[in-house]
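**Student:** So the chains spell out like this:
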Amino acid sequence: MTSNRTKPHEIVERALELSTADGCVVIADEESTANLRWAGNALTTNGVTRGRTLTVIATVDGREGTASGVVSRAAVTAGDLEPLVRAAEAAARDAGPAEDAQPLVTGTPASPDFTDAPAETSSSVFADFAPALGEAFARARAGGRELYGFANHELVSTYVGTSTGLRLRHDQPNGTLELNAKSPDRQRSAWAGRGTRDFKDVDPLALDAELAVRLGWAERRYDLPAGRYETLLPPTAVADLLIYQMWSAAARDAVEGRTVFSKPGGGTRLGERLSPLPLTLRSDPNAPGLESAPFVIAHSSGDDASVFDNGLPVPATDWIKDGELARLTTTRHTAALTDMPLSPGFGNLVLDGGGEKSLEEMVAGTRRGLLLTCLWYIREVDPATLLLTGLTRDGVYLVEDGEVVGEVNNFRFNESPVDLLSRASEAGRTEKTLPREWSDWFTRAAMPALRIPDFNMSSVSKGV
Amino acid sequence: MIRGTGPDLGRNSVPHSIDAAFTALPLRALADAALARARALGAEHADFRLERIRSASWRLRDAKPSGGSDTTDLGYAVRVVHGGAWGFASGVDLTMDGAARVASQAVAMAKLSAQVIKAAGSDERVELAEEPVHADKTWISSYEVDPFSVPDAEKAALLADWSSRLLSADGVAHVDASLLAVHENKFYADTAGTVTTQQRVRVHPQLTAVAVDGQTGGFDSMRTIAPPVGRGWEYLTGTGWDWDAELERIPELLAEKMRAPSVEAGRYDLVVDPSNLWLTIHESIGHATELDRALGYEAAYAGTSFATFDQLGELRYGSSIMNVTGDRTAEHGLATIGYDDEGVEAQSWDLVREGTLVGYQLDRRIAKLTGLGRSNGCAFADSPGHVPVQRMANVSLQPDPGGLSTEDLIGGVERGIYVVGDRSWSIDMQRYNFQFTGQRFYRIENGRLAGQLRDVAYQATTTEFWGSMEKVGGPQTYVLGGAFNCGKAQPGQVASVSHGCPSALFRDVNILNTTQEAGR
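Going down the list, the protein sequences come from chains A and B. Position 258 of the first sequence, counted from 1, bears residue number 257 in numbering that gives the first Met the number 0, the numbering being contiguous throughout. Position 54 of the second sequence, counted from 1, bears residue number 53 in numbering that gives the first Met the number 0, the numbering being contiguous throughout.
Since the hints were made in silico from the structure, they are not lab data. Certain hints may be false.
[What the hints assert, rightly or not] The list that follows gives simulated cross-link-like pairs (lysine-lysine, DSSO-like), each with its CA atoms no further than 27 Å apart:
hint: 1; chain 1: A; residue 1: 320; chain 2: A; residue 2: 262
hint: 2; chain 1: A; residue 1: 262; chain 2: A; residue 2: 356
hint: 3; chain 1: A; residue 1: 262; chain 2: B; residue 2: 367
hint: 4; chain 1: B; residue 1: 367; chain 2: B; residue 2: 63
hint: 5; chain 1: A; residue 1: 431; chain 2: A; residue 2: 320
hint: 6; chain 1: B; residue 1: 117; chain 2: A; residue 2: 262
hint: 7; chain 1: B; residue 1: 117; chain 2: B; residue 2: 470
hint: 8; chain 1: B; residue 1: 470; chain 2: B; residue 2: 110
hint: 9; chain 1: A; residue 1: 199; chain 2: A; residue 2: 461
hint: 10; chain 1: B; residue 1: 367; chain 2: A; residue 2: 199
hint: 11; chain 1: A; residue 1: 356; chain 2: A; residue 2: 320
hint: 12; chain 1: B; residue 1: 117; chain 2: A; residue 2: 199
[Claimed, not checked] Stretches of chain B that chain A covers, calculated by requiring three or more beta carbons in the stretch to come under 8 Å of a beta carbon on chain A:
hint: 13; segment: 78-90
hint: 14; segment: 213-219
Even glycine gets a Cβ: it sits at the ideal position worked out from N, Cα and C.
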């Protein structure tokens, strides 16, 4: 039996040795997590986990093309390795020619730590955080607040080996802290979130103090009807909207005429001005504090990923440059199909418009408008316009003459991020943010706040 | 449905046994090692759960393979109550030492929790509702052919054939096809003596045809409305759904949709087909009657509920013809089980009776905390790496035993819209305000369908919507819909769940024009 103490690179090498296919890619994911969850100033659930998943991608050449087969197994033992490799080969033979078939990647320099043991997290990552959280509970109780939230830390060490000689490794730490404060009657609610790589840079007491201020704002209540309002979207809301926009930015779909980035009559909207502001939306695996995999890791093929591209370097990419649509996502296959440059996905997103104002300074520059905390339950209504619906959540604040004067009811919105970019009249200073809606899937973002002169609040929500 | 110690099979099932490769794993030995360690370390309660979940997908784009996966998750978890606090840990090392080590980690997490609880000045302790011991029980879901016993080439060929049929029709520019299949095995044992071994199978085939107007740049799609089900491969070959009939209609339905006029926003009577109504039930009743939400345990993430605990037995949820049940027993239901992930036997119960809130979905801790007695078996973890949380049962709107057909419901509407198939959905964090779209919307004029409409969304508040339900259809209109992808909890977990419902008539519902909403 192969225990967890067996080095992952050895499993990768052994699986590659067992391969009899024309090509083989082996991905070993070593994952460890630790989490704490709380409600009403008390811990509810918690956990530590440890897991290993091995993915074998076999490619089989045939007269009509190359096929791929993908099989993944957790808790793989030595006895499982050969059946796993054979299963991937059988899946490839059964699948028929893969549309995205390309030669397996060569030439990416080996990672120097490929043979090292995986990185690992444990409950000790919360050694300083947990007592501080307990203190925050006590302080909140004394202050008449209830704290809810979640702290999660995970570390995934991914090892990629290919029959073409690639030996790559990437360690991805990922931490999130969400704190939600409510009044005891739950009629007032405020939220703050942070992304972190190691929980050394987050302070639950400071966040609780921030939320206490917001709950204080909410003591004065205004009821406003549905309508269009000047609105300050905070960085977390901007991130959630633009992440969805990027998930809808596959070049092939656009060329086929079925996305918001399709041009009527054929072609795409590449080169079109999306915003009057000099906004640049960029991904960079080396972005400080937002580091992501510098090479493609694809466990399966899809609209914006290809298993044949595993190991391909991921360059820094400007998706929007100075307000113009500059790139759509491509694999090698769809790049050739659409005659576009290779732009293989994104592990982080940074929007920058050169603004220098903080959110507080943007509030100070507002005569009358709404300041949102975050967005929730965002879903696509119409792919043609990328119309999205969702809710405001945990604090909509009325700003008058540069100051927050109270809290407003929540709203359901109907808006397209593409349209919002075209109507944004101001972008603030770019700062790291936790995208609240999509943080289960995407956490690495830095965004400015955006001022929207006429944000569409479609109806009032009684929800708090 | 649970009958004694043998495999419990639905009426239409063929006999299956638990997969031998699963029972060959050292299930009891690992459980014994983990539970013994937890007891030795002073745990008041401990449970051990070992799962093997095989999930696979096959995807085609314009009848050509565009990706797929075949993933097997295998591991185990130990959950303890120690010092009045929860502790949870999971691992993948299938050795006795490994299981004992994970039990120790769970106790360590409980001790960490206890420290935080103490620092907060709280005296709250975890206690569980009583449950009879279920020793050595086996349960298998109702299916005929394990989808994983069918060669991949046969699956790919069927999906390619279906895709080609759609692609060959006028006006269809693209076709996306997919099949998801899951084979799930769970072994559970706890310190009270319950030991269960279970096996479930489910499938979700789906096809979407896309039309593109090259001149205007407009495009739209039409997706199959066949629901995901707790069945096997037989679902794709004629049992439970008529695929040939549905695929034949899609091109003409899509062409009509492309030509359809844009809706005039306003208030309309709605006849909602089960293929759409299941999702409205899911969001506005299913989640709202989860008692952990109503009590605030999901407040920072999935949200709370307007249906607060103090309103049990009082809250007018809807009109007097509204009767909603929760169950984990419906044949082919996606939330159907023999025993939940706390060893509680599957049950069925009322949630809304004659329009009044009368019940909630429970796990053992919440049942004890609220004094509601026995848990109704809604604890579920989606993988060995996740802790069980209260997850949704099959929540279903009951038909009127002598109720009308869908056509007769439409016949009672002078000016309205008939809604078919789900598409976009969103609801607020207390389950008040929702907005849904659909696959197709038909104008109703003087009791008859008068062609499709485009750009339609319906928006309402939960109790107003259900209060406007004037008629529910008869059993002949009842369909079990559902989804594979219900999300809840942190870390995020995904659960499959079914919702049965008849067609139903709602009066005076707010209809939006989504093009106008986009400012066009």
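**Student:** Between residue 117(B) and residue 199(A), does the CA-CA distance stay at or below 27 Å?
**Tutor:** With a Cα-Cα distance of about 23 Å, the restraint between residue 117(B) and residue 199(A) holds, given a limit of 27 Å.
**Student:** Decide if the proposed pair is consistent with the structure: residue 320(A) and residue 262(A), CA atoms, cutoff 27 Å inclusive.
**Tutor:** holds, 19 Å
**Student:** Going straight from one Cα to the other, do residue 199(A) and residue 461(A) come out at no more than 27 Å?
**Tutor:** Violated. Residue 199(A) to residue 461(A) sits at ~37 Å, over the 27 Å cutoff.
**Student:** Below or equal to 27 Å on CA atoms is what counts here, so check residue 117(B) against residue 470(B).
**Tutor:** Roughly 54 Å between the alpha carbons, so the hint for residue 117(B) and residue 470(B) is violated.
**Student:** Hinted pair, alpha-carbon criterion (27 Å max): residue 367(B), residue 63(B). Please report holds or violated.
**Tutor:** violated, 53 Å
**Student:** Keeping to a limit of 27 Å between CA atoms, is the pair of residue 262(A) and residue 356(A) held or broken?
**Tutor:** violated, 35 Å
**Student:** Are the Cα atoms of residue 117(B) and residue 262(A) separated by 27 Å or less?
**Tutor:** Violated. Residue 117(B) to residue 262(A) sits at ~61 Å, over the 27 Å cutoff.
**Student:** Against chain A, does the segment 78-90 of chain B show at least 3 residues with beta-carbon separation below 8 Å?
**Tutor:** holds (count 7)
**Student:** Is residue 262(A) close enough to residue 367(B), meaning Cα to Cα at most 27 Å?
**Tutor:** Distance ~59 Å between residue 262(A) and residue 367(B) Cα, so the pair is violated.
**Student:** Counting residues of the segment 213-219 of chain B with a beta carbon closer than 8 Å to any beta carbon of chain A, are there 3 or more?
**Tutor:** holds (count 7)
**Student:** Checking one constraint from the list: CA of residue 431(A) to CA of residue 320(A), max 27 Å. Satisfied?
**Tutor:** holds, 20 Å
**Student:** If you draw a straight line from the CA of residue 470(B) to the CA of residue 110(B), is it 27 Å or shorter?
**Tutor:** Roughly 54 Å separates the two Cα atoms, so the pair is violated.
Hint compliance for this structure: hints 2, 3, 4, 6, 7, 8, 9 and 10 are not met, and every other hint is.
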